[in-house]
Amino acid sequence: MNQPHAGRSVSCPSCGAPTPIKNPGVVMVQCEYCKELFSWNQGAIESAGKRSVLMEGFTRLYRGATGSIGQNRFEVLGRVRYDFGGGFWDEWFLTTQDGQGAWLTEDDHQLAWQTPTPWEFNADPGSYQPGTVITVQGVQYIVHEVGQAKCLGIEGSLPRHILPDESYRYADASTADGRYSLGLEFDDSPPSAFVGNWLDPQALTLDDEGDAW
Amino acid sequence: MVTGDPHGIGGGRPRPPYTPQKISCGGCGAGVEIRDERAQQLICPYCRAVLELSGQEQLVLGISPGGDAGFQLPLGQGFQWQGARYEVIARVALIEDGTLEEMTHEYYLYHPRRRALTLSEYDGEFSLSWASRVMPPPDSFYMQHEGSQLTTGDGEKWICEGRGTYEVYYIDGALPYRLSVKDQIDYAEFRGATRAGEQYEIQQASNGETEFGRGRSLSVAQVNRALGKKVRGFQGGGGDDGWVKKWAWGLALLCLITLLANVGIFMDVIAQGSLVLTEDVNPQQLQAEHMTQPFTVGHDGDLIQVKLAASVENAWLSANLAVVEADGDTVVHVFENDVSYYHGYEGGERWSEGSRTDDVYIQIEEAGNYRVLVGAVCGQGASNAAGPCYQAARLWVKRGVLVPHYSVTALILSFLCFVCALVAIKVNTGKSRPRDNPTRLLLKGRYVWAAVALATVLLSAVPTYARWGAQEMEHPDGLSIRQASAQTPVGARRGFFIFYNSPRRHLGGGIGAGK
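Note that the protein sequences, when read in sequence, are chains A and B.
Under the working numbering, residues 58 to 270 are what the first sequence spells out, in order.
Under the working numbering, residues 17 to 531 are what the second sequence spells out, in order.
One should not assume that every hint holds.
Taking lysine to any residue pairs in the SDA-like style, the calculated list, with each CA pair at most 20 Å apart, reads [claimed, not checked]:
#1 A:Lys92 x B:Gln56
#2 A:Lys92 x B:Pro32
#3 A:Lys207 x B:Gln56
Source of the hints: derived by calculation from the structure; they are not laboratory data.
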């Protein structure tokens, strides 16, 4: 078994239980035992004063799941769930065998591989409406949804600071053929953008698919 | 505390078990299981309370109307598809044009680790669909009509099979979105232009949200395999299983009943009346104006039929007639009868047109004794020039009659309705797919059809028995024949009709205007 990077563990400031850190980018952790959220950054640990519980068992991915995308092995480290008013979607944080972090967005059990892209867009969320066309590196994306996302909860380890009930404006766009997505998140200054590639379900395999339920 | 324990990929964590959430219904307190954590709405299976699940607390929004929506599959039904077992967790019945016969049954198929599927059934045809991100060209929805072509963003070509508006008729189970009975959903459905069985759909909800769907048609055998049991469906034989057969037979029965009713009315009409006068009038009498023997009208408002016949051959006879009181002088009504009959050979075919008889229905205001005054001019061939008649005519008068025109018209209409219904049954062979079924096309106007069939009886009965359609008396106060005859110019031929009418010319009919 490859062990591409050495891990470390942090102890929960609330209950003391250890949580392994499996990716060097991780800055936020949920204690697996008491569900306390705490940050870990440059050796300093601080409790967020919040607990978060997300139901498990209803998704293909799950925290701690291992599998492959092509030749790349990965392990799911954490998840953020966002509410968009008419439902929710999940964003899964993965670490790969070469120590890289990656995000997968899950919507109706469909997964998209997300990659950050430089911000080169209008920072005014109001300038995006369904039907607005955005061109990124010569590819046209059509906005199909704009709204307010609210964090419903997190679990596991994440490479960013986010807490339940935090919210931000977003605009979701897609190429006309439905293969690629563009997500604009007006959460920080500057805001962030991700391009995504919707995965064929067979492109990702889990060691434990669990088709029986 | 930070330690230096190494961690790698591959150990994994056991998959957490799938454990449906259990809640108590806010309406009745019954324990209800929520299979899908994405569920936004649940209809309580016990009290049909609509439970809003999207917030932190469960809300009871109201009671969803119940009723028999005719689903073939129950909630909880398993559906084996591509190696995984899905389960029906919600059902939606959709109608179109407000008619329950145009009902689509949708089964929401859930799997906790796969995208949701929808199994749809419309008139025995099944399809499986799922949400798609493939977009049509912008603003193309409202340009779609049956037969129009669409190219989606992935380059696929589609042919529109129809556009319309669904109305939600019934819901149960748990749905990942809010939906209410009577919600309206505009849709446009497409079939693959090059790939048989492939489907594409655009749906627009009343709140403006647009969804796209991909799908494929399933045979009944495929559905049966996926369900592990048999369902009713279209299998390419034995006729259209849905409402079509029932409607075709129902309309045939209705049309037959109305046809029989109209036959009965018609038979009653022709059985009415009694002959009170038969009189032959020779050519000289026709030329000079002839007064018939008296006849009796027994009731005020009685209808009489005055019928004239003449053995014309490629000729015409135009008669002026008048109803005269028994004194032989007071004219109460003036009318006309025209007969013309032409026949011959043309292009090797025998032809004929016109009739040797003509009749008029007149309503007599007062009971009493009356006569008929008759005079006529005749013509030959295509000529409109009037001359003396060389053939006799016969007059009949019947009293107490009914005007048959309405019942004849209704009889023809109801007969046509019945024949069309028989055709609808005949062409419903089941060899074509339901949407191509000619019977279904015929039945698109089924409500109008049924209404017309029923209306024929009213059309027949009401005006017939209300004694509509007869001529009303033109001169109830009477005109004097003697005074009228006296006013004819000196030297002119004497007679009532000479004064009443200018000499008549036959216009129309005949060889010149014939076949």
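Could you check the structure against the hints above and give me the numbers of any it violates, in ascending order? 1
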